[in-house]
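Between the sequences and the hints, there should be enough to build the whole structure, so can you do that?
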Amino acid sequence: MIYVDDVRIPGMHFAGILRSPYPHARITSVDLSVARNAEGVEFALSGAEAAEHSDPIPHFISPEAFGGKTTDVRCLALGKVVYVGEPVAAVVADSRQNAEAAVELIKVEYEQLPFVLDAEEAMKEDAARLYEQWDDNVVIQIPFTSGDPEAAFAAADYVIEDELRIQRYSTQPMEPRGYVAVWDEHTHNYTFYGASQNPHPLRWVLSRALRVRESEVRVIAPTVGGAFGLKMHGHPEESLVCLLSRLSGKPVKWIEDRSETLLIGAREQMHRFTVGFNSNGTISALKDHFVANVGALGAPPGWGMAFLTAMSLPTGYKISNTDVLASVVTTNKSPWNAARGFGKEASNLVMERIIDMVALRLDMDPIEVRRRNLIQSHEFPYKTAGGLNIDSGDYHAALDKAIELIGLDQVRAEQMRLLAQGRYLGIGFAFELTPESGDIPGTLVGGFDTSTVKMSPSGEVTVLTGVTTPGGGNDTSILQIVVDELGVEMSDAKIFQGDTTLSPYGFGNYSGRSMVTGGNAAYLAARDIRVKLVEVASRMLQTENTDIELGGGFARSIDDPSRSVALADVAYTVYTLAFATATGVEPPLESTRTYQPGNIQQLPDADGKINIYPTYSNAVHVALVEVDIDTGKIDLQRYGVVHDCGTVINPRFVEGQMEGAIAMGIGAGLMEQSIHDPQTGALATDGFKSYLMPRASDLPMIETRHQITPSPYTALGLKGAGEAGIGGAQAALSNAVHNALAPLGVTIRKMPLTPGNVLHAIKYHE
Amino acid sequence: MILDRFEYLCPSNIDEVVTAITTEDEVAIISGGTWVVPQMGHHVRRPKIVVDLQCAGLSGISENDDTITVGPKTTYSQLISAAHTPPLLRTMASGITGGVQIRNKGTIGGSACYANPASDVPGAIVALEASMVLRSERGQRVIAATEFFVDALETALEPGEVLEAILIPGTAAKARFSYQKFRTVTGSFPIVTAACLADANDLVTRVVIGGAAVRPITIELEGNESDQEVADLTRSRIDQPWSDVLANANFRRHTAGVMAQRAVRAVRHDTDGGER
Chain A
-10 MIYVDDVRIP
0 GMHFAGILRS
10 PYPHARITSV
20 DLSVARNAEG
30 VEFALSGAEA
40 AEHSDPIPHF
50 ISPEAFGGKT
60 TDVRCLALGK
70 VVYVGEPVAA
80 VVADSRQNAE
90 AAVELIKVEY
100 EQLPFVLDAE
110 EAMKEDAARL
120 YEQWDDNVVI
130 QIPFTSGDPE
140 AAFAAADYVI
150 EDELRIQRYS
160 TQPMEPRGYV
170 AVWDEHTHNY
180 TFYGASQNPH
190 PLRWVLSRAL
200 RVRESEVRVI
210 APTVGGAFGL
220 KMHGHPEESL
230 VCLLSRLSGK
240 PVKWIEDRSE
250 TLLIGAREQM
260 HRFTVGFNSN
270 GTISALKDHF
280 VANVGALGAP
290 PGWGMAFLTA
300 MSLPTGYKIS
310 NTDVLASVVT
320 TNKSPWNAAR
330 GFGKEASNLV
340 MERIIDMVAL
350 RLDMDPIEVR
360 RRNLIQSHEF
370 PYKTAGGLNI
380 DSGDYHAALD
390 KAIELIGLDQ
400 VRAEQMRLLA
410 QGRYLGIGFA
420 FELTPESGDI
430 PGTLVGGFDT
440 STVKMSPSGE
450 VTVLTGVTTP
460 GGGNDTSILQ
470 IVVDELGVEM
480 SDAKIFQGDT
490 TLSPYGFGNY
500 SGRSMVTGGN
510 AAYLAARDIR
520 VKLVEVASRM
530 LQTENTDIEL
540 GGGFARSIDD
550 PSRSVALADV
560 AYTVYTLAFA
570 TATGVEPPLE
580 STRTYQPGNI
590 QQLPDADGKI
600 NIYPTYSNAV
610 HVALVEVDID
620 TGKIDLQRYG
630 VVHDCGTVIN
640 PRFVEGQMEG
650 AIAMGIGAGL
660 MEQSIHDPQT
670 GALATDGFKS
680 YLMPRASDLP
690 MIETRHQITP
700 SPYTALGLKG
710 AGEAGIGGAQ
720 AALSNAVHNA
730 LAPLGVTIRK
740 MPLTPGNVLH
750 AIKYHE
Chain B
22 MILDRFEYLC
32 PSNIDEVVTA
42 ITTEDEVAII
52 SGGTWVVPQM
62 GHHVRRPKIV
72 VDLQCAGLSG
82 ISENDDTITV
92 GPKTTYSQLI
102 SAAHTPPLLR
112 TMASGITGGV
122 QIRNKGTIGG
132 SACYANPASD
142 VPGAIVALEA
152 SMVLRSERGQ
162 RVIAATEFFV
172 DALETALEPG
182 EVLEAILIPG
192 TAAKARFSYQ
202 KFRTVTGSFP
212 IVTAACLADA
222 NDLVTRVVIG
232 GAAVRPITIE
242 LEGNESDQEV
252 ADLTRSRIDQ
262 PWSDVLANAN
272 FRRHTAGVMA
282 QRAVRAVRHD
292 TDGGER
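For the record, the sequence lines run as chains A and B. Take the first sequence: its letter number 56 is residue 45 in my numbering, and every next letter is one higher. In my numbering, each residue carries its 1-based index in the second sequence increased by 21.
Mixed in with the good hints, there may be bad ones.
Stated by the list, open to error - Computed list of chain B residues with no C-beta within reach of chain A, every gap over 12 Å:
no., residue
1, 39
2, 48
3, 69
4, 139
5, 265
As the list claims (entries may be wrong) - The calculated label-pair distances, taken between Cβ atoms and stated as ranges, are:
no., chain 1, residue 1, chain 2, residue 2, range
6, A, 37, B, 76, 46 to 54 Å
7, B, 116, A, 636, 42 to 50 Å
8, B, 115, A, 400, 29 to 37 Å
9, B, 115, A, 617, 15 to 23 Å
10, B, 63, A, 636, 47 to 55 Å
11, B, 29, A, 692, 46 to 54 Å
12, B, 162, A, 668, 36 to 44 Å
13, B, 290, A, 400, 26 to 34 Å
14, A, 412, B, 78, 21 to 29 Å
15, B, 78, A, 400, 54 to 62 Å
16, B, 168, A, 398, 54 to 62 Å
Just so you know, the hints here were simulated from the structure itself, not pulled from any lab data. Being a predicted model, the structure only gives us computed values, none of them experimental. Ideal placement from N, C-alpha and C gives every residue a C-beta, glycine not left out.
So, in structure tokens, the structure goes:
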């Protein structure tokens, strides 16, 4: 396995990047003269010089296309900086050490400007303005309304108003970002090695930013050590490293430092919601006007997460009157990128807190409130208020399984027993809906993908696919599908991903799409080859083609299993006796197929709504916690989940994804937060001793159950897997903590549930 | 990545250490290196000379004349396994965050000299009434651990001076004790530590709080305070609170009271973490 930092090119040099120390400042001068003459330095570049040779980086999802505002994002700041950490100038040197040393010799003069870090502050009229050409700091406001919420609130027996602040946090793959760019002057061609989730769309972005033809860029994604959305593109360093290679004439490598990975933000949202419901627990109306603090507007797809938070409400609940408004706001924090869950985790967290609040007000079992409001299994496909068309599921059965998994009666009895001793045990449930395999119209966030399957004359199978793997195992799972279909051994099959020259055009990995699109496409392509193999094998075995089965590397007569032929011999026959035994079977044994799942609706319906997701995986989470009310510390004792992603290809990978996402959600729920110093605007949590992530000893064993309700809209019944877990875990934890603290009447409105936040809520009831 | 070239010295005894650090240039002394090396990698510390104690024979624990001598280069792992380790230090060392790598590299003396308020060692050695043996070209001086910790990240060490040994009275080392540590999660530095030892008459007369203030705080007790009085008294004694992104001053102050209470209770009732 070759990771990007293992890539070594003869003559390779190293980039050093000078970053802004200020959250908002005008750049008045950049002096590179000392740096240029420093030891080992080959080249140095300012933002103004970069702008002469490059164009703005195209937005992964342009807010303008959805009626919002946009701004040019460049590989080096031009004119002014809008966040601490923004790249300002760069050097190329013969070693990383010399590059970093030379960066310190770059002299930049700044004129500091007022800055704003809080989104609600940024929405005020007199707030510091990031982009002078805008008339405020709001990127876009996106409403989703249905029914008549005002009338429904008026008619409701009960109305609750409350708020929930979700912290800024991040994804931190074990491998940070890294890029190696090689410009070849003779062929006028870039080769770009990058820890990238989306090599083909990145090629388009690089060609636009670098003023070359798309065919003049080859993107190769080597093995990637975790991505979680952070390695979707639009980062300034991608085109910067290319430009540095071209202008310096050297191959250039840049490997990110952890403090730089931590700059990339996500998820910060302030929700203010109102819910109307009746005394029987039926929720009739939901209003949620929330503000997302996306930091400075970057070119990666981060801001789109707020869009999908809004679209995904009210998740799997039948609430027919909704008034949801997302306000996407820029501030002088570093930009967002995508983060596993892609905004949908926030919808789940908010909805699940609302359900428990309704239950508390009615003194009803929160499970019962869920049962009364969740879509029932006979109601699918179900069109939600946000326009989503949910494919299938059995949410009530999943709830029952979760109750059984945790042994609800026993844990509730234990809770009562401990409460009598002054100990606070809590049980929290959360339903989670994860729309997966999305397609955003007008962007290179595509809902389809393509795979090629080839069998050589020796019977060896090669799969090429446009989906890539961040390390989650979709390569193996796609091979499993192909191997099953063709009846060959796993050892006779290989898969290649992530090279724009080798692979069919594809969108890479995001949105739990790899199996739904690339997997189903590989299935279709393998089926084409299977038909040929069966036909030729039947001729070789002198039987009907309906009498052939494939398996274990052989084609066999079903009627008389003693009669068989090796698939290698069948393949050899296809290639060598194309005008005899294999007549009429079109060689070669190759097929390229694209899979477009059903249930994507790009054109707006009568209500102006689109459906960007074909599949909807779902889960029920349950957490058991004990809260130390003297310190606010939470002891997570048990964690269970019932997960439904339709047909499961490889349970081990699905469980691995589920456990990983839950660990991430537990981190988000209990500890992870990116904190900016209000005085300097700099990120204070710039390492793993200040940005705390869960360690093995913070996590209980995760008890997993599968439930399978195949999607009617995908060939194999697959739904996306991989994203579900974040919001469910946050919500189950929060509900468990609230359940534990119910005797004290505590509401915690600030995530994460750190001892400080929990204790504050216990002591001050705010 | 460490940017600057520096001179690396690995002296083989304490006299050579003293010679090596007696210079006008900026010196960094590495005991385990778990602080200095990452700081150099992040460019926040840029010494001209790095003096590594690993060959200077300053590790290990010995006992004589009712005094336990702990070498500053003694790692947490050594504290856990050595025969003469005071039990409180053994308990403290077993709870060091960062896993086996840190326990194998990090040292008691390094942590004391770094004097990070959010760490275990300062509070623990103050609780043990340790004395610090400091060496320089001017000779040796011995000061109480309470005097050694001056402020956050600041000790009584003067330029050209090095910690040569930590002396712990045998009576303290053998006392019944409780060590209560609060951290938010496994990866967190200690937020508050409370170390409580019974005195010669097996009474609880003091508890030492680490993490809540810029330096360890010793709270003297009459011995008959209620739980609430212990907490209140503890909180009232934190005059220079410590605060960082993991926990603010209010939280640390509050939790100091809780941890003091728990430590005192454990020693009094010989339960819940009370050890000998």
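Check: Going through the earlier hints one by one, which of them does the structure break, listed in rising order?
Finding: Violated: hints 4, 5 and 14.
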